[in-house]
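Each chain, written out:
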Amino acid sequence: MWQRVFHLMLKEFLALLKDPASRAVLVLPPIVQTIIFGYAATLDLSHIRYGVYVEDRAAPARELLARFAGSPTFTGRVRLDSLEQGRALIDRGELLLVVHIGPRFSAQLLRHRPASVQVIVDGRNSNTAVIAQGYVREIVNRFNARWIAEHPGWQPPLAHLVIRAWFNPNLESRWFIIPGIIGLLLQVVAMLVAGLSIARERESGTFDQLLVTPVRPLEILLGKALPGFLVGLAEGTLIVLIAVLWFQVPLVGQLTVLYAGMALFLFATIGVGLAISALALTMQQGLLGAFLFMVPSVLLSGFATPIANMPVIVQYLTLLNPLRYFMEILRGVFLEDASLPLLMSQFWPLLVIGLANLAMAGWLFRHRLH
Amino acid sequence: MIKTSAPWQVNRMRRLRGLLRKELLQIVRDPSSIAIAFVMPMVLLLLFGYGVSLNARNVPVALVIDQPSGVTADFASRFRYSEYLSVVQLPNMRAAKRALRAHQVDAVIHLRARFATEMQAGRSAPIQVLLNGVDANTARIVRGYIEGSLSGWLQQRAARQGQQAASPVMLASRIWFNPNVRSRNYLVPGLIAVIMTLIGAMLTALVVAREWERGTMEALMVTPITIGEVLLGKLLPYFLLGMGGMALSVAMALWLFDVPLRGSVWVLLTVSAVFMLAALGMGLLISVSSRSQFVAGQAAIVSTFLPAFLLSGFIFDIHSMTGPIRLLTYIVPARYFISFLQTSFLAGDVWPVILVDVSALAIMAAILLGITLRCSRKRLD
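Respectively, the protein sequence lines represent chains E and B. 303 is the number that this note's numbering gives to position 303 of the first sequence; each next residue is one higher, with no gaps. 1190 is the number that this note's numbering gives to position 190 of the second sequence; each next residue is one higher, with no gaps.
The shape of chain E in the complex, shown without the other chains (with noise of 0.2 Å):
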């Protein structure tokens, strides 16, 4: 049995490097993403352009801006004269924020009463806008503590908060993003390979040739699962040496613990593409059908946005995404030196869903020759 198997495989992978161009399309793409994506995906905003409208020239409005000119996140400064201008600005996606000093500012500040400092925040971007009001508001608690320090007469707030963030201290969000391209990229890979490869016989019209060769169909699933299989491992280190190499991005957990959540997620992944591949009847189809099941894959597995923020339904929705398991398991090997215990509430349904999908296509295979 298993030297058909491996005569299968030979044959799958003869089929997926013999042309050029199919071979370029395999390696190249997932390096160039890889670094292209891992410097492009951050949520952590690096050149806020604002401007600023101050109707007060005092030494304490100064001081205040001098805040904002020192921050190496505020680069790009725009001087207004009024704040219609800024509006504009802000119109044209010129500006992400206007900061207005109004003319009584020091004023009332020397008198020992609040004075008020008006942002206005471009908010088409939600996400974008609440960061930037963050950044705003550390600037200006800086400010207010070392104001509180300097002028006596101001009473100190009477707790404050001493923050440490563990597994991640500068609350970089590459780090987060990352390692979880790896499953992203992984994943495209793995339904590609195993998606098509059926499908690809199906249209070619080998797949009925192979059909009535003594080949078992679990020797053939084995034969269409393996390939995939070893290019996504062997891609998967690549991807893991360069969030190390490149990126710098710490690999604190064990390497077995990640290969062997790697494996897993493969195998749960080409069993989903296999099933599709067994239904599809064209390669179109079974396009379709990797990218329906991939791209809503990628939504709820935790990528970008939290899961935790889902609705309940969607959150339960979510427990058949092998990805949202392996984005744990990246995770939680890279940054935080997840154990195999702690981690082994994602590594059996990643086995469950390889499983029943496995066993489904080849039920398929069976009873799907048209």
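Any given hint could be a false lead.
[Unchecked claim] What the simulated footprint calls covered on chain B by chain E, stretch by stretch (three residues with Cβ under 8 Å from a Cβ of chain E suffice, anywhere in the stretch; the number is not a length):
#1 1038-1047
#2 1132-1144
#3 1169-1179
#4 1200-1213
#5 1286-1299
#6 1311-1318
#7 1341-1349
Since the hints were made in silico from the structure, they are not lab data. Quick caveat: nothing in here was measured; it's all calculated off a predicted structure. Glycine included, each C-beta is placed from N, C-alpha and C at the ideal position.
Fit chain B to the known structure of chain E by using the hints.
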């Protein structure tokens, strides 16, 4: 001259009509094209509209109080009252740290033994907060919630004692266009662009590659049909399908998700049509430059879907990307369309934005379709 060109024109029209008929039949017989154009947008919009949100609520937070007193009880009750946090009190830091590790809570708030005494002495009492920083964005949001609850509590206490807990500079911030910061309001318009990219590129990426793979391209080649006509015959039906999907998406955005449309519908339709041409051009280019459906399919995903998702400003801010990557976003058609859609839906017809975006899209469509025509001509020689 006129005599010879007139029947030639008639023939041309007839040939085109024949081709269109063939494409339409192919679309109708393989329902997956229609599924891509109509079912996929619906599934995606439903998932995104209802499922995906960046607004965290009921964040689980552990509270550890080393020495209970009236002050700490007051503090705890204020935090329990927050609609954003869901507070569980744990007996000691060991248990709290274990809960943080096991992802049962996202943050730990620790009031030390001296907390109440320090507060009564008028010194600023430190409150230790531990966050799970793995998801940096969520961690930052949770930190904001905790800060908000703390300052609310301090103000409440001060007000009860007849004082004002004022800080020197008070921040009054306003968020324009989307005052309630509903993430749905920007995700849904952005998603329309992602969906349109998918429809355009996916639908067309396979159609020419399929003809090569099945060998029907040779059959077409021996007929008097020119390659331009073949491409036009492929472009038109898929353009209509794509615009149908677009109309469906906009209707869902407006009536199902209550996203406001502040710009004009006609502008929206026109710019969408231009974008559709660019997306179809991209798909056709992939299609003619790869003769196998496998390669065409991979290329379509890699060069259209992922960039439209990640490099377009849909979720990740373009201005925060590093220089070379930011330059790269200029050649992603979805970037312009998303900028246009977010403006058109939330801000209105801002002509400076619209003109830049629409001309960029028109240039791209022209270039992509031009290259496609050239490439395919070479192949036929």
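Checked hints:
{"no.": "1", "hint": "1038-1047", "in the structure": "holds (count 5)"}
{"no.": "2", "hint": "1132-1144", "in the structure": "holds (count 12)"}
{"no.": "3", "hint": "1169-1179", "in the structure": "holds (count 11)"}
{"no.": "4", "hint": "1200-1213", "in the structure": "holds (count 4)"}
{"no.": "5", "hint": "1286-1299", "in the structure": "holds (count 8)"}
{"no.": "6", "hint": "1311-1318", "in the structure": "holds (count 5)"}
{"no.": "7", "hint": "1341-1349", "in the structure": "holds (count 4)"}
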